[in-house]
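Enquirer: Here are the chains, one letter per residue:
There are 2 protein chains.
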Amino acid sequence: MEQFQTVFVTGGAGYIGSHTIIELLNANYEVIVIDNFVNSVDEPNGESSALKRVETITGKKVTFYKCDLLDRTTLFEIFEKHDIDCVIHFAAIKAVGESMEYPLLYYKNNLVGMLNLLEVMEKHKCFQLVFSSSCTIYGEPKYLPITEDHTIGGNITNVYGKTKYFIEEMLADISHSNKDWNIICLRYFNPVGAHPSGLIGEDPTKAFTNIMPYIAQVAIGHVPLLTIFGDYETADKTGVRDYIHVMDLATGHVAALRKLYKEHQHLKAYNLGTGKGVSVLQLVKTFEKVTGSAVPYRFAGKREGDITAMYADADLAEQELGWKAKHTLDEMCIDFWRWKTMNPCGYRPHKTKLTNGH
Amino acid sequence: MEQFQTVFVTGGAGYIGSHTIIELLNANYEVIVIDNFVNSVDEPNGESSALKRVETITGKKVTFYKCDLLDRTTLFEIFEKHDIDCVIHFAAIKAVGESMEYPLLYYKNNLVGMLNLLEVMEKHKCFQLVFSSSCTIYGEPKYLPITEDHTIGGNITNVYGKTKYFIEEMLADISHSNKDWNIICLRYFNPVGAHPSGLIGEDPTKAFTNIMPYIAQVAIGHVPLLTIFGDYETADKTGVRDYIHVMDLATGHVAALRKLYKEHQHLKAYNLGTGKGVSVLQLVKTFEKVTGSAVPYRFAGKREGDITAMYADADLAEQELGWKAKHTLDEMCIDFWRWKTMNPCGYRPHKTKLTNGH
Numbered sequence: 001m002e003q004f005q006t007v008f009v010t011g012g013a014g015y016i017g018s019h020t021i022i023e024l025l026n027a028n029y030e031v032i033v034i035d036n037f038v039n040s041v042d043e044p045n046g047e048s049s050a051l052k053r054v055e056t057i058t059g060k061k062v063t064f065y066k067c068d069l070l071d072r073t074t075l076f077e078i079f080e081k082h083d084i085d086c087v088i089h090f091a092a093i094k095a096v097g098e099s100m101e102y103p104l105l106y107y108k109n110n111l112v113g114m115l116n117l118l119e120v121m122e123k124h125k126c127f128q129l130v131f132s133s134s135c136t137i138y139g140e141p142k143y144l145p146i147t148e149d150h151t152i153g154g155n156i157t158n159v160y161g162k163t164k165y166f167i168e169e170m171l172a173d174i175s176h177s178n179k180d181w182n183i184i185c186l187r188y189f190n191p192v193g194a195h196p197s198g199l200i201g202e203d204p205t206k207a208f209t210n211i212m213p214y215i216a217q218v219a220i221g222h223v224p225l226l227t228i229f230g231d232y233e234t235a236d237k238t239g240v241r242d243y244i245h246v247m248d249l250a251t252g253h254v255a256a257l258r259k260l261y262k263e264h265q266h267l268k269a270y271n272l273g274t275g276k277g278v279s280v281l282q283l284v285k286t287f288e289k290v291t292g293s294a295v296p297y298r299f300a301g302k303r304e305g306d307i308t309a310m311y312a313d314a315d316l317a318e319q320e321l322g323w324k325a326k327h328t329l330d331e332m333c334i335d336f337w338r339w340k341t342m343n344p345c346g347y348r349p350h351k352t353k354l355t356n357g358h
Numbered sequence: 001m002e003q004f005q006t007v008f009v010t011g012g013a014g015y016i017g018s019h020t021i022i023e024l025l026n027a028n029y030e031v032i033v034i035d036n037f038v039n040s041v042d043e044p045n046g047e048s049s050a051l052k053r054v055e056t057i058t059g060k061k062v063t064f065y066k067c068d069l070l071d072r073t074t075l076f077e078i079f080e081k082h083d084i085d086c087v088i089h090f091a092a093i094k095a096v097g098e099s100m101e102y103p104l105l106y107y108k109n110n111l112v113g114m115l116n117l118l119e120v121m122e123k124h125k126c127f128q129l130v131f132s133s134s135c136t137i138y139g140e141p142k143y144l145p146i147t148e149d150h151t152i153g154g155n156i157t158n159v160y161g162k163t164k165y166f167i168e169e170m171l172a173d174i175s176h177s178n179k180d181w182n183i184i185c186l187r188y189f190n191p192v193g194a195h196p197s198g199l200i201g202e203d204p205t206k207a208f209t210n211i212m213p214y215i216a217q218v219a220i221g222h223v224p225l226l227t228i229f230g231d232y233e234t235a236d237k238t239g240v241r242d243y244i245h246v247m248d249l250a251t252g253h254v255a256a257l258r259k260l261y262k263e264h265q266h267l268k269a270y271n272l273g274t275g276k277g278v279s280v281l282q283l284v285k286t287f288e289k290v291t292g293s294a295v296p297y298r299f300a301g302k303r304e305g306d307i308t309a310m311y312a313d314a315d316l317a318e319q320e321l322g323w324k325a326k327h328t329l330d331e332m333c334i335d336f337w338r339w340k341t342m343n344p345c346g347y348r349p350h351k352t353k354l355t356n357g358h
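Respectively, the protein sequence lines represent chains U and C. Numbering of the first sequence is given in the UniProt record's numbering, commencing with residue 1 and proceeding in unit increments. Numbering of the second sequence is given in the UniProt record's numbering, commencing with residue 1 and proceeding in unit increments.
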């Protein structure tokens, strides 16, 4: 045996989860998935639209349960039924703006979900965990590119980010108290793009708050105008981010699982980014160039609580996980556009048109 | 009506809760109490030993339910049954050392308990809350005496303190998102002493980690020797703390409720301390002086993660709550000793002797 056998994936019907499962199946893991369909699409028979397509792409099967992490009974039953080696925990609610409006909902879902998962894992002596963290936990960067030893938890301006920070703190304490735990926190920068097949991609069920679905909605004509927040102290006055292709993120998770298998580090965090800062305006221009579609935009002032610039130092992941982002900005745009044009309404043929959350 | 009518008290059978309830009853509040007896003593008929004595002291009745905050069903039923105006939330597990050993237990109990309580309060449009916070959330002080605007969350060395910090952050977010909330966080310094009747006091069910029960156990001869951690940069090399009489804390809660009734501040934090730093050695010497009992001790080195000195600037509570600690260090020792000598085994006549947790 050269790797873990059975991976339990929470939130596996979502954007990053579904793309990661492709790489897990390609790497011959058996995959058990749960999702509550709060931010993903289900079929009338209770299956996940995204995971059906994942099965089409890979020619392999996943075991799926509709389950909310707050439903302890079902969660514990699944762990009784399957021999789970390791867990990738994607499930969380993640809309920054919404998290400020409904903090209690966010704290409950994200923290209690995590605690229930840790409890069932401990009960079954399953101590291998990959946790979906976020660069948000760094707060306003003190230097760039940002390394993993940058302070976390300072000046986090939104509740979503705080839930990720609190969880990293909990995981640190838990792994410190019980040396059986072997945990990797992957701090995502800004995931964009889609699987090159165009069959799966990002399909927010609520008003979208992520940049690329927003750009694509404008490009395809569902939304008339893109609002770009400007007036930041950057070269073109728009915010700078580290966009990373979701398929690169996906391979990052496989690399993390291999690391957990090979080495017991208790707790370790890795940035998953490209290491390159790209401005929002650059992203829009690239999108227009590679897709040939116009993206009309207007500038607005600063958005409160927004960070001017944030990009990763991704060297640690390269050194220790043997992982490096490979996909270019062009590919991120091309692949997302393929998904969008092949599925203008996402997974639902006649989905109600979403309004812009900005 | 000059004040709220009905106060819901969580953890009301515990040390600070039971003393506060005396003052609540004296101030003519109707008091509904829950406790799970995790760190308090129950009678064979399911009542609380401490609360029975509270009723004796005050000549008034409290309504008591055995209920764990993790038991949502019972919690929601109690809120259906009673017309609750405001809540004082004491319930938490609080042993610093234990919290490092069992972080998952601490996070679950303290965070999920708080979230359940906030949810039931929101459902019943009860938005008035006094939360038991702690000076621990300040971490290593940057200056002394410490004011409420000192940063919180930096370098908190134990999980117990982190749960308090996380909750203060949650309360800030919740009160920011919904302006109906009216919350006071009381940041306790080091509560000691007991009700002057000698009928109620601190009676830890687990190996004690607080200083005064430990000193008293040595004074009464149940434990041979007190270990004092020394080698700190203070006048006598022992740690400096702000000891506050539990009856002063109790009146602080009544003052906080009155403030909530009079003024809608959304969220405000107040230090409850005397403003005076007292070293552990001074406390021991005072205890010996006023009780006439010897407390043999030995010195040990530093305790990892311990803070050298911490005492409150308590001016804000005086200005805004009209509250000030009145009891002297002598009284703290005398009152605790009265409780201890009248109840050498706490609430249980033949309690198993506790071992020292240090």
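Read the hints as simulated data drawn from the structure, not as lab findings. For every residue, glycine included, the Cβ atom is placed at its ideal position computed from N, Cα and C. Accuracy of the hints is not assured; some may be wrong.
Claimed, not checked - Which stretches of chain U does chain C cover? Using the computed rule of at least three CB atoms under 8 Å from a CB of chain C, they are:
1. 242-251
2. 296-303
Claimed, not checked - Restricting the straight-line Cα-Cα distance to at most 35 Å, the calculated cross-link-like pairs of lysine-lysine (DSBU-like) are:
3. U:LYS179 <-> C:LYS179
4. U:LYS302 <-> C:LYS268
5. U:LYS60 <-> U:LYS302
6. U:LYS268 <-> C:LYS302
7. C:LYS61 <-> C:LYS302
8. C:LYS262 <-> U:LYS142
9. U:LYS285 <-> U:LYS262
10. C:LYS60 <-> U:LYS123
11. C:LYS179 <-> U:LYS302
12. U:LYS268 <-> C:LYS285
13. U:LYS125 <-> U:LYS302
14. C:LYS142 <-> U:LYS142
15. C:LYS302 <-> U:LYS302
16. C:LYS66 <-> U:LYS125
17. C:LYS302 <-> C:LYS60
18. C:LYS262 <-> U:LYS123
19. U:LYS66 <-> C:LYS268
20. U:LYS179 <-> C:LYS302
21. U:LYS142 <-> C:LYS123
22. U:LYS142 <-> C:LYS268
23. C:LYS142 <-> U:LYS66
What the hints assert, rightly or not - Label pairs and their in silico Cβ distance ranges:
24. U:ARG72 <-> C:GLU77: 18 to 26 Å
25. U:GLU263 <-> C:HIS222: 47 to 55 Å
26. U:ASP330 <-> C:GLU77: 58 to 66 Å
27. U:THR151 <-> C:LYS302: 18 to 26 Å
28. U:ASP306 <-> C:LYS142: 38 to 46 Å
29. U:PRO44 <-> C:THR151: 46 to 54 Å
30. U:PRO349 <-> C:THR63: 33 to 41 Å
31. U:GLU101 <-> C:GLY322: 32 to 40 Å
Enquirer: Let me make sure I understand: some of the numbered hints might not hold for this structure. Which ones are they, in numerical order?
Expert: Violated hints: 1, 2, 3, 5, 7, 8, 9, 10, 12, 13, 15, 17, 18, 19, 21, 23, 28, 30; rest satisfied.
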